[in-house]
Amino acid sequence: MSRGNLEPEKEPVKNGTPPKIIAFLCNWCSYVGADMAGTTRLKQPEGVEVILVPCTGRMDPLFPMKSLVEGAEGVLVSGCHPGECHHQDGNLYARRRLEVLKGFLPFMGFEEERFSYTWISASEGKKWQQVVTKFTERIKSLNGKKD
Amino acid sequence: MAGKPIEMRNKKTKEQLENLKTQVEETLSQVDFVIGYAKGYDVLHPTPLFVRSTKDAQALIWDDFCINNLATYLPSQKRPGGLFHPHEKIGLVVKGCDSRAVIQLLQEGIIDRENFKIIGISCQGKVDVKKLKNRVPIERVESAEIKEGSIELTVDSRGQKYPLEEVLYSKCLSCEYPTPLIYDRLVGGEGSLRSKGPKEFAQDPYHDVEEFEKKGVNERLDFWEQEFSRCLRCYACRDICPFCYCQFECIAQTRIPHWLSQKTASKENKFFHMFRAMHLAGRCTECGECERACPVDLPLLLLHKKMNKKVSELFGYRSGINPKLRPPLTIFQPEEKNIEEERWE
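Residue numbers (our numbering), protein chains in the order written: chain C, 1 to 147; chain V, 148 to 492.
It is possible that part of the hints are untrue.
[As the list claims (entries may be wrong)] Sample of chain C residues lacking proximity to chain V, with all beta carbon distances greater than 10 Å (derived):
hint, residue
1, Gly-38
2, Leu-52
3, Met-108
[Unchecked claim] Stretches of chain C that chain V covers, calculated by requiring three or more beta carbons in the stretch to come under 8 Å of a beta carbon on chain V:
hint, segment
4, 26–36
5, 59–71
6, 81–89
7, 97–107
Keep in mind the hints are simulated off the structure, nothing from the lab. The structure displayed is predicted, hence computed values, not measured ones. Glycine residues also receive a C-beta, built at the ideal position from the N, C-alpha and C atoms.
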């Protein structure tokens with residue numbers, strides 16, 4: 001589903017087509033957490049593209065920005081809980097940057113709900129499942145409103 | 148509008164010019180050259196002037212159109228292959244708003260305080276040529292003068308008159324710092340007429356941002372889509388910005404990493420302006436040069452003001468006020484007071 005005006009007209013989302021969601025996950029916690037959700041066979045929504053980042057401190061705010069401009073329908077960032085960063089304080093820098101980005105995206109015409117960030121540790125496979133399910137549902141209902 | 152302060156305004160501008168010339172001449176003994184304003188190709192467009200001798204100083208002007216932010220030249224000083232010889236010392240004429248750019252550059256360590264002198268000049272607001280453009284054929288304006296709260300133009304030897312608040316820059320209508328915050332010499336004395344504040348000028352600096360936020364999300368999307376489809380990606384906004392000093396490393400043009408293609412479709416243009424706003428978050432001092440330089444009149448300042456508003460809401464920080472503060476996005480607090488994270492429950 002594209003958002004640029006020179007792109008071909010977007011096709012209507014068929015019922016059941018999973019929304020395109022990009023998840024940026026930290027190597028040391030959320031990625032392992034999501035992996036754990038998989039190995040423990042928790043049911044997860046389809047259509048989530050996981051991108052591994054070495055730390056949320058590596059999260060350039062431009063990553064989610066570009067994803068959305070290029071047509072992603074939702075972007076989720078997840079890292080270690082504040083105070084538990086593998087690299088000491090990467091996620092604390094990230095929190096400031098992502099929060100600024102979060103305030104800016106609606107101004108440019110992207111719904112507030114399309115971008116979010118959260119903290120999930122390596123042992124929280126269950127939490128990952130809940131977050132990603134909720135996020136996907138949210139994007140689905142947003143898309144439903146548009147069509 | 149009260150007539151009296153405006154009459155004084157004229158007189159003051161002329162006095163200021165005489166004072167400015169003396170100050171520039173005196174500064175020349177300490178620096179290699181001083182950058183000020185000179186008459187451009189017409190009365191509405193003053194141009195930067197590099198004063199290297201007392202003779203050059205006679206060409207200096209100071210009027211209601213001297214809008215250029217001369218602080219844009221400063222990052223060149225330390226740059227190899229920049230505009231100036233690396234050891235040259237610079238003198239600079241700055242207005243209140245420009246002084247914030249100087250402070251911001253100092254804060255970022257881009258310039259060294261001992262390498263330049265600042266001649267601050269109190270400003271009473273400048274006339275926006277783009278606003279005039281909608282009213283008169285600006286290429287035929289022969290003279291322009293401010294009298295009693297309005298601007299009097301001679302176009303094709305006929306007089307025309309517009310109220311001042313219609314033609315002043317929007318940033319001037321909400322100006323908080325008419326007197327420079329940093330200077331070695333000051334022209335015009337502490338506190339200009341404006342800082343004492345004729346209230347009829349006072350405007351909330353973020354009123355346009357708030358108005359835009361009230362629109363629906365689809366309306367906003369369409370608005371930017373339309374605006375950015377006009378963008379030529381000439382990079383004039385970036386090149387004139389005092390804080391866009393990355394030059395060839397600007398990710399708009401680098402091939403490794405390849406953030407952006409050269410296509411000038413609305414999508415690419417939108418991403419360009421969005422990441423520029425992101426890179427200027429908490430750094431932009433809202434001098435409005437990007438908007439002035441833009442050949443297709445994009446409302447770029449709106450983006451940067453939104454970013455600054457967000458940064459000031461979150462971290463209580465304003466750019467270009469205190470050179471000792473750290474930029475807000477390069478530091479953190481273990482507990483952020485104003486950030487409310489999603490709970491996912």
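Here is how each hint holds up against the structure:
1. Gly-38: holds (19 Å)
2. Leu-52: Given a closest Cβ separation of 17 Å, the condition holds.
3. Met-108: violated (6 Å)
4. 26–36: violated (count 0)
5. 59–71: holds (count 6)
6. 81–89: Answer holds; 3 residues pass the 8 Å Cβ test.
7. 97–107: It holds, with 8 qualifying residues against the three required.
Checked against the numbered hints listed earlier, the structure breaks hints 3, 4; every other hint is satisfied.
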